[in-house]
Amino acid sequence: MFRQILLFVSGVKFILFCMLLMMILVVLGTVAQVDIGSFAAQQEYFNSFWVYTRTSLGISVPVFPGGLTTALLWFMSLTATLFVRARYDRRHIGIVIAHAGVLILLLGQIFTQILSEETRMVLQEGQTVNYSMSSREVELAVISDAGEGRENVVSIPWEALSGKDEIRTPLLPFVLRIKKAYPNSRLVHAKAGARDVFATQGAGTETAVKEARPSRSDEVSDTASAVVEMVDGGKSLGIWLFSTGLEQPQTVQAQGQAYQIVMRPLRQTFPFSLTLADFSHDVYPGTDIPKNFSSLVRLNDPSKNENREVLIYMNHPLRYGGYAFYQASYGKDDTLSVLQVVRNPAWLTPYVSCTIILIGLAVQFTSHLLQFVRKLQ
Amino acid sequence: MNIRNIVRISYLPHVLLALCIVWLAGAVRPPHTDSPFDLNSFSELPVLHGGRIKPMDTVARTSLLMLSGKQTLKTPEGRKPAVLWLLDMLFMAERADDYNVFEINDPDVLGLLKIQQTDQRLFAYRTLEPFLEEIEKQASYAEQTSDRTRFQSALLTLFSRINLYQKLQHTMQTAGKENALAEVQTFESGIRSFEEKKRSGITIDLKDENFISLAKILQEYKLVHEVAEFRPIPSPDRPEDPQAWMDIGEAITENAREGGISPSVMSYLEMGDAYRQADPARFNGVLAKYKDSLKQKIPGLMKNVHLEEIFNYSEPFYKSIILYVLVFLLAFVSWIAGTKDLPPALNRSAYWLLILAFVVQTLGLTARMVLQGRPPVTNLYSSAVFVGWGAVLLGIVVERLYRKGIGSVVAGAIGCATLIIAHHLSNQGDTMEMMRAVLDSNFWLATHVITITIGYSSTFLSGFIAVIYLFRRWLDRKLTPQDDDAFAGMVYGIVCFSLFFSFLGTILGGIWADQSWGRFWGWDPKENGALIIVLWNAFIVHARWMNFASTTRIMQMAVFGNIVTVLSWFGVNMLGVGLHSYGFMDQALTWIVIFSVSQLIIIGFGFLPERRTR
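Same order as they appear, the protein sequences are chains F and U. Using our numbering, you'd call the opening residue of the first sequence number 232 and step up by one each time. Using our numbering, you'd call the opening residue of the second sequence number 152 and step up by one each time.
If you're looking for bench data, these hints aren't it; they were derived computationally from the structure. A quick note: this is a predicted structure, and the numbers were derived from the prediction, not measured. We treat Cβ as the ideally placed atom computed from N, Cα and C, and that holds for glycine. Worth double-checking, as some hints may not be accurate.
[As the list claims (entries may be wrong)] BS3-like, lysine-lysine: derived pairs with alpha carbons at most 30 Å apart: (1) U:LYS629 - F:LYS606; (2) F:LYS522 - U:LYS677; (3) F:LYS522 - U:LYS446; (4) U:LYS491 - F:LYS606; (5) U:LYS373 - F:LYS563; (6) U:LYS454 - F:LYS522; (7) U:LYS373 - F:LYS522; (8) U:LYS348 - U:LYS318; (9) F:LYS244 - U:LYS677; (10) U:LYS349 - U:LYS373; (11) F:LYS522 - U:LYS448.
[What the hints assert, rightly or not] If you want a taste of the chain F side facing chain U, the calculated C-beta under 10 Å gives, among others: (12) MET254; (13) VAL258; (14) VAL265; (15) ALA272; (16) ILE324; (17) ILE326; (18) GLU349; (19) THR359; (20) LEU402; (21) VAL406; (22) VAL514; (23) TYR557; (24) GLN558; (25) PHE596; (26) PHE603.
Work out the full structure: start from the sequences and follow the hints.
As structure tokens, this is what we get:
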């Protein structure tokens, strides 16, 4: 029985079926990018088990196997082939090598899709920064002074804000009661006490907050908002509105200590820092076609005793501490540089697997070619 | 048939080859013009345009192409070279305004100009002039919307063409001015006398008439500086550095104060003066002197410009198209020609001319590479040229191995088709444009882009060989099992080749993406397009390897590969429709649909019963 299954999934019909499935998925996922943007399309088509469609009843129904399911089918088929069908002799060695390579490539891509993180680091000229920011996820940061120019930061992730009614932590003397949490919202100026104005303290007392549908666009980022009541020893301190639309931190006094609280893009801090010395942007003479973007940064890592200047430019990232920093964007009359920060533990797998596949294909096709030439002669 | 006839027919390849070589040799000489003005020499003057130094003629050709869709000017007295039109644009704007150069096809845009649609498609600036205000107003509406109607995108195209037209006319002088040379001479001496007065401490009366007229001229040339389309003046201190080249306005306003206006400016103005007064002797004299001085100052740049000018007028790709058509016809006729001796002679002629056409196209490609200092594929236009080149090269190999005319027919068809596609892609302007920052890497252009393009070439080659098979299977009674095997061998071999190269190219693209954006694979449309070609080739290879499909089914799959390749080559570009690709891509969609349907019909032939008698 088991052997029959192996034979079936390594059979020609199943293999061709898997390939067609992948092709159709790729076409669908590409066309979908026009409507829903590339990030959303990637999540819904390739980084999922099923592709869903919303019916008129408002229920989502799975309609097509997603990227992860297809990858699993491929994985099954390939492993089965290597066990029951592959012929390990001299004539077929190229085929075996190539298929082993495809298997590794597949695994590497699955790991990359699950594990890799992309964030952005924004630097003004002269500014020193030791963190990068997520372009989608947010956090509620509670910052208090720790003396000697240092700060304590308690970061409350969005999942906690949207999933819980109350947040208690030994790190903070007060309790946060979550009244509302909107992943996307619109902030409108309004009178105190008007509809949808919840805050009684802080910067949001004259702001109405209305829930909005999460956008799926690549260009527009959502405005996440939360309405939080602070409770200190059973006594309410008031209700605050925190939102990525309100960029300034708001102060909460509790037990004689001032806490600065702000909703901001989720930060990833590094044990090292970068200082932007200079950003430059050249164009071709007499045109506005960009010729080159580059950021000259100073890398400072006290723990490793590294302190040096690095030039980051197109196609030449800085790889350091498990992260890679790429020149991504710029602004403010060329005084601001945006670096894309990528952490991908599986970044080497495509290099390894593709080399293996190419060797396999080259071996196989060369032997075919030699046979063919011999036949012609 | 007697022996003398056989000798005669077997010399056919030699005769045809010799004729074609003579015809090609004639094209390497500068073209003959009727004009008494030395147009060939003026064509070779170097200017900075679009970020690189190029001959005046390239500016003339690309500008005229962008406005009218043609590289020559149509007048009631016949076709005239683009550079003659440019001379009028630069120095005699009034005359240029009467030429019909604006291509307008959209009936609604014509309606805006109160013109009924007839078969006239080209219109003069003079006709548009009364409506300029309205066009500008409509354009500003259109610019504010992102989801444009056909009228709006056509109008924006017209608006940008008018803009280009006006910029060109204001590049050498204020458009339509009759006495530019005299004026600038007065300006220079006037400025100098004011500077002298200032140095000797005499206060300048701001209401002085002379001063006011000087200020007016200064103002005019500041405008020329702002709108100039190209920069013709080498910097006096760093002539080799393109960055330092100046436009006329800048050269006049900046240099008037310090040490006088550059002699280059005066040469151009004098040429303009001579041209207006219809004085070819004076024009040619100034031109020759100016060109000699340039040859001494910037010999390297002048050599490049000269090479580009040869490339411009010898039109190697156009010549290749004609040769490819000839190859296709010869090889095709060799299949249906009845007599015994004719087919081999025709077949051999086709093969020889195929090699000649390939050499011509290779020369053209090489010239572009030398001029750009880059690998052959840098944009959509050059990808079309290179896809054809690669397919022809492989076709020659196939023809050498099998000698049945199949390689020649297919190579001729693909070579001709891709060059025609390239021609239609070139309407966007200069095809040797500068590379945007992220693409500025000769290493990746030479590896990733080349391998992926070869993948396209070979996928097309196998697809078109399969097309021929399906036709012959349907029509040819005499198709033998040996023929079947030959076709199957060719197609399978080329599909393996495609699989290898498209996979290698896709991986190299992934590595490039990993180097520049930090991810190997991002499911981006262009990447997905490449992946689909890899998957489809792998599909065919598996279907054959595992004996799943008959020869006919494999051929049908190979033909479907044509659709897959066209979609990932062009279709993907259409998903992210940009402003500049609007006009072309609308048309392209129609062609892609027509092509895909035709391929599906051919696939359908495979389901018809065979004609052959066994």
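* Which earlier hints can't be squared with this structure? -> The structure conflicts with hints 8, 16, 19, 20 and 21, although it agrees with all the remaining ones.
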